[in-house]
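K.L.:
Sequence:
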Amino acid sequence: MTAVDLQLVATFHWNENLGNRLRNLRENKGLSRKALSEETKKIGKTVSESYIQQLESPSLFAGREGKSESLTVSKDVISRICEAMSLDVTDLLPSTKLFLPNP
Numbered sequence: 001m002t003a004v005d006l007q008l009v010a011t012f013h014w015n016e017n018l019g020n021r022l023r024n025l026r027e028n029k030g031l032s033r034k035a036l037s038e039e040t041k042k043i044g045k046t047v048s049e050s051y052i053q054q055l056e057s058p059s060l061f062a063g064r065e066g067k068s069e070s071l072t073v074s075k076d077v078i079s080r081i082c083e084a085m086s087l088d089v090t091d092l093l094p095s096t097k098l099f100l101p102n103p
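Just so you know, we're using our numbering here: the sequence shown kicks off at 1 and counts up by one.
Check the hints yourself; a few may be wrong.
Unchecked claim - Quick list of in silico lysine to any residue cross-link-like pairs, SDA-like style, CA-CA up to 25 Å: (1) K42 - D76; (2) K41 - V73; (3) K42 - L60; (4) K42 - D88; (5) K29 - N15; (6) K29 - L8; (7) K29 - S86; (8) K34 - K45; (9) K41 - R23; (10) K75 - T90; (11) K29 - N17; (12) K34 - Q7; (13) K42 - S59; (14) K75 - T11; (15) K34 - Y51; (16) K42 - S70; (17) K34 - S86; (18) K45 - T90; (19) K41 - L92; (20) K34 - L18; (21) K45 - N20; (22) K75 - N15.
These aren't lab readings, by the way, just hints derived from the structure by calculation.
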């Protein structure tokens, strides 16, 4: 396992496995995409329902007109989604140990 200072990360390469993991975590929490979007809005950091769909099904969106062949997701979006589901980022990205240094 590799430890990475989360403050040094700006984006994550996104793939189908991570999309499936996000979907499973969301469904295990009993949330629809719309409900998850509303939860992100409650914390003042809205992630749209359509963007959540794009993250859960990246192969449907990557390479489309005007879209890159690969998807990247900002650390802030991942953090917002995890916070809205009361999860740690490592719950979504378990293969990398991420940490925040103590101030």
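K.L.:
All hints, please: hold or fail.
P.N.:
Tested hints:
Between K42 and D76 the CA atoms are separated by roughly 16 Å; this keeps the pair inside 25 Å, and the hint holds. Straight-line distance between C-alpha atoms of K41 and V73 comes to about 18 Å, which keeps the hinted pair within the 25 Å bound. The straight-line distance between the Cα atoms of K42 and L60 is roughly 28 Å, outside the 25 Å bound, and the hint therefore fails. Distance hint between K42 and D88 is fulfilled; the C-alpha atoms sit about 18 Å from each other, no more than 25 Å.
A distance of roughly 21 Å separates the Cα atoms of K29 and N15; the hinted pair therefore holds under the 25 Å criterion. Proposed proximity of K29 and L8 is contradicted: the alpha carbons are some 29 Å apart, above 25 Å. For the hint pairing K29 with S86, the CA-to-CA distance comes to about 9 Å; that is within 25 Å, so the pair holds. With a C-alpha separation of about 14 Å, the suggested pair K34 and K45 falls inside the 25 Å cut-off, and the hint holds.
Distance check on the hinted pair: K41 and R23 sit about 19 Å apart at the alpha-carbon level, within 25 Å; holds. For the given pair, K75 sits about 12 Å from T90 by alpha-carbon distance, which is consistent with the 25 Å threshold. Distance check on the hinted pair: K29 and N17 sit about 18 Å apart at the alpha-carbon level, within 25 Å; holds. Distance hint between K34 and Q7 is unfulfilled; the C-alpha atoms sit about 29 Å from each other, more than 25 Å.
Between the alpha carbons of K42 and S59 the distance comes to roughly 29 Å, so the proposed pair goes past 25 Å and is violated. Proximity of K75 to T11 is assessed by CA-CA distance (about 5 Å); at most 25 Å being required, the pair is judged to hold. For a cut-off of 25 Å, the pair hint linking K34 to Y51 stands: about 11 Å separates their Cα positions. In summary, the hint linking K42 to S70 is not supported, as the alpha carbons are separated by about 30 Å, beyond the 25 Å threshold.
A hinted pair counts as satisfied when its Cα atoms are at most 25 Å apart, and K34 with S86 qualifies at roughly 16 Å. Restraint check for K45 and T90: satisfied, since their Cα atoms lie roughly 20 Å apart, inside the 25 Å limit. Only pairs whose Cα atoms come within 25 Å are accepted, and K41 paired with L92 is accepted, the gap being roughly 20 Å. Between K34 and L18, the direct Cα distance comes to roughly 19 Å. Compliance with the 25 Å bound is thereby established for this hinted pair.
For the proposed pair K45 and N20, the alpha carbon gap of about 23 Å is at most 25 Å, so the pair holds. For the suggested pair K75 and N15, the alpha carbons sit about 15 Å apart, so the restraint of at most 25 Å is met.
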